[in-house]
Structures are given as C-alpha cells and as structure tokens.
Amino acid sequence: MMQILLQIEGSYFDVPGGTRATVTYFLIGIGVLIALVFVGVLVSRRSRPRSAADVQSYNSGVFRRAGKAVGLQPVQVEALENLVRMCKVKQPLLVFTSASLLDDTLKKGLYSIDNAKELSEEERENRKGTLFQVKQIIEGNARKGSILRSTTFLRPGQLLSVTPENGVQFSSKVISNMKDFLTVSAPSQPAGSDTRWMRGTKLSVYFWRDNDAGYSFQSKVLGYDTVKGVSSVLIQHSKTLRREQRRRGRRRELMRPCFYYPIKIVETGQGRKVERKASVEKNMRTLGTVVDLSAGGCAIQALNPFDKGKLTMVEFDIDRKAPIRAFGKVLHVHRQKGRGGVMHIKFTRVTRQYLNRISEFVYDFSRPVTVGQAREQIERALPNRGASSTGTGQSVRRPGTRPPSR
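Start counting the sequence shown at 0; every next residue gets the next number (numbering that gives the first Met the number 0).
Quick caveat, the hints were computed from the structure, so don't treat them as lab data.
Accuracy of the hints is not assured; some may be wrong.
[Claimed, not checked] In silico lysine-lysine, DSSO-like type, Cα no more than 30 Å apart, as pairs: (1) K263 with K219; (2) K238 with K263; (3) K238 with K336; (4) K345 with K281; (5) K219 with K336; (6) K307 with K263; (7) K309 with K106; (8) K281 with K328; (9) K281 with K320; (10) K276 with K263; (11) K238 with K276; (12) K309 with K345; (13) K227 with K178; (14) K238 with K201; (15) K307 with K238; (16) K309 with K263; (17) K172 with K67; (18) K336 with K263; (19) K320 with K272; (20) K238 with K272; (21) K263 with K328; (22) K238 with K227; (23) K320 with K106; (24) K107 with K87; (25) K172 with K116; (26) K227 with K272; (27) K281 with K336; (28) K178 with K219; (29) K238 with K178; (30) K238 with K281; (31) K201 with K336; (32) K307 with K276; (33) K328 with K219; (34) K67 with K89; (35) K178 with K263; (36) K320 with K336.
When you get a sec, could you build the whole thing from the sequences and use the hints?
Structure (structure tokens):
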C-alpha cells in the first residue's frame, strides 16, 4: 500500500495541472478508506467475545465495587462472589438488581451448605447467616427512596384500620383511588345497616405497607357511595403521612400461637459492683398470636399487651419443629378497644440458628419437598393412618390390630 502511494505521489508532479485536482481527490478518498478500515478493526476488537479469564478478571473488580455500593461488607461480597462463580451466573452484576436471580442463587448456596457434611454445625449456621444478611442488605437498599408520601399512591385492596372521632375502630380496605378522594369500604352493623357519620367527621387511619412500614394519617368523611357493588365512605386524601414501626427486613404473615413472658431486671451487689441481670418470669407467661414475623422482630396480637418499652421473651413455632425463643423489646402498641392490641417487638437477642430459621421462613427459602417426603406428609395427615388402601377399596389390617366392630 505504501509503495502504491509513493508511486502516485511521485507521478503527481509529472501530470499536467488539470489532472492534479483529480489525483488529490483520489488520495483523499484512499485516506478516508484507510481510516474507516482502522476504525472497523478497533470496533471488532472491542466487540470480540472475551475469554473466560478476561470476563472473570473484569467482573471481579466491578462486582466488588457494586457490592460495596449497596452496603455489603467485604466478607459478604466474597461469599456472594464465590456463590456466583459456583452457580456459573452469566451476568453476575444482575444479582444486585434482579430479586429473582438473587433468590435463585442464594437458594442454591443454602442447599449446598446443608449438603456439606464436612462443616460443623456452627460453621454451617454462620455461612447461612452470611447469605441471609446479603439478601437483607440488597433488598433493603432496593427499597430506599420508596417511602410513601401521599395517599394518592395507595392501591385498591390495601387494608386499613379506621377510627372515627369519638368512635370505635373498624377494619376497612381501599376500594378505589380517585383524584380527589379515596373510597374505602364502610363498616356494617350486625343488622346489615351501614354506619353513617356526618360529613366532616375526622378520621384516624392506619395501614401497613408490605415490605416497608406502618403509616398513619388524618382524614375526614366527604360522603358516601356504592363503588364496585360495595357500600363505601369517601374520605379526603392526605399528603402528610406519618411513617412508623419500620422494620429493616421483610416481614411475612404467620398467624400462629405463641407464649410471651415479662422480663424483670434484677440488681445484685452494692456501689460500683452492682450487676444487672435479666430474669424471665416464667410463671407469668401469656398466650398470644404472632401476626407477622421478620428477622428483626414480630407483631403479637394479645388481649393484655405489654406497655411500650417492656422487655419480653417470646416462644413460637414456625414449622412444627422445636419452638423458637427470642428476646425483645416492645417498641409500640397498637391498641384495639375490646380486643387488647398488637405489640410490635424488636428482637434484641436471638441465636444464629433461630435467626436462620426465621429468615428461611420469611424469604421462603425452605428446601423443596421431594415426592417421597410429600407422600409421607400426606399419609401422616390422613385420619386412618393404620389402614392402607387395596385395589378393591377394602382396608388391610396391620398385624396385631383388631378388626373394627360391626
């Protein structure tokens, strides 16, 4: 190519003046062509698929910076990166933005930890705890900035707790969200007639937003109507929502009975040697219901809830295994006339094993049931566990059992 250019350049001075412009344009065209070829080579090199080593080297640095940006500690980033490599995730960075990919990856990690026979029980629980922390931090980072500012964003079906001025609290739900007002279901009296308040009656409204927090706001009655076949109250929108009872982690409904105990602080010694010890008053246990559960706390429905600030120990069951025991503090009590109230408890001390069981339930990371395990569960649930079915519809008695009386 260079020889051709030199030849052309050498003959340039020998041609008549009329043809010099033509040669100049020709040289410019060749220069543009060479530039285009050069740019094409660069683009093809950048778009060429990288080797596995190149991809891994690139992802490792970017992955660690992305993990740090969402709030993960180095040990958590390392655990997640090792898990991504083990699972051969094609797009590793998506675990920070795709909840489904993150859950699928973490589940595989948890199952591999369960199957690692060489690990001690303590090491197994610690590794599982690290993966649950990864899930909590990434999910919590994704929820930042999602605070509800106005009732105009409430969705139909949102459950509400409404208390009219000088009235009794009742449960309701959003029927529709209009531009100028909310329509919520009206309470029904035993006789079937709907409760009617005067227009302008002040209302205190509370609701829990899934995976976020509890909100309360003040409103007032604007009127009544039948919306979607439901007798409804039209209430005023509010742009001043109070956010409360926020939990850092996701919560999940449980609705299982529990026992809760008061904790008494006992002081021993004198002067500077005074020691404070927590004593669980087991003879004063009370029955309640765990309404929902998270890794950071729970809500308990009780006829006699403790006051705010009270220390307590809670015992409850999730999967019909050994009961879980957790210590906590009452942060808030949502009282209900005639029904006690709901205590919102923050856990202050839970063992790693119990905390992992709670997280496994809250995030629904339990191991899938095999066909054989499902069959055993069904057989245990049958009322006549001692009899099995034959092909003729007759029951077969086990050895040593008496025939049924006629």
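Here's how the hints hold up against the structure:
| no. | hint | result |
| --- | --- | --- |
| 1 | K263 with K219 | violated, 43 Å |
| 2 | K238 with K263 | violated, 42 Å |
| 3 | K238 with K336 | holds, 28 Å |
| 4 | K345 with K281 | holds, 20 Å |
| 5 | K219 with K336 | holds, 21 Å |
| 6 | K307 with K263 | holds, 15 Å |
| 7 | K309 with K106 | violated, 37 Å |
| 8 | K281 with K328 | holds, 17 Å |
| 9 | K281 with K320 | holds, 21 Å |
| 10 | K276 with K263 | holds, 8 Å |
| 11 | K238 with K276 | violated, 46 Å |
| 12 | K309 with K345 | holds, 11 Å |
| 13 | K227 with K178 | holds, 17 Å |
| 14 | K238 with K201 | holds, 16 Å |
| 15 | K307 with K238 | holds, 28 Å |
| 16 | K309 with K263 | holds, 9 Å |
| 17 | K172 with K67 | violated, 40 Å |
| 18 | K336 with K263 | holds, 28 Å |
| 19 | K320 with K272 | violated, 42 Å |
| 20 | K238 with K272 | violated, 53 Å |
| 21 | K263 with K328 | holds, 12 Å |
| 22 | K238 with K227 | holds, 26 Å |
| 23 | K320 with K106 | holds, 21 Å |
| 24 | K107 with K87 | holds, 11 Å |
| 25 | K172 with K116 | violated, 50 Å |
| 26 | K227 with K272 | violated, 69 Å |
| 27 | K281 with K336 | holds, 28 Å |
| 28 | K178 with K219 | holds, 16 Å |
| 29 | K238 with K178 | holds, 13 Å |
| 30 | K238 with K281 | violated, 46 Å |
| 31 | K201 with K336 | holds, 18 Å |
| 32 | K307 with K276 | holds, 20 Å |
| 33 | K328 with K219 | violated, 34 Å |
| 34 | K67 with K89 | holds, 21 Å |
| 35 | K178 with K263 | violated, 52 Å |
| 36 | K320 with K336 | violated, 35 Å |
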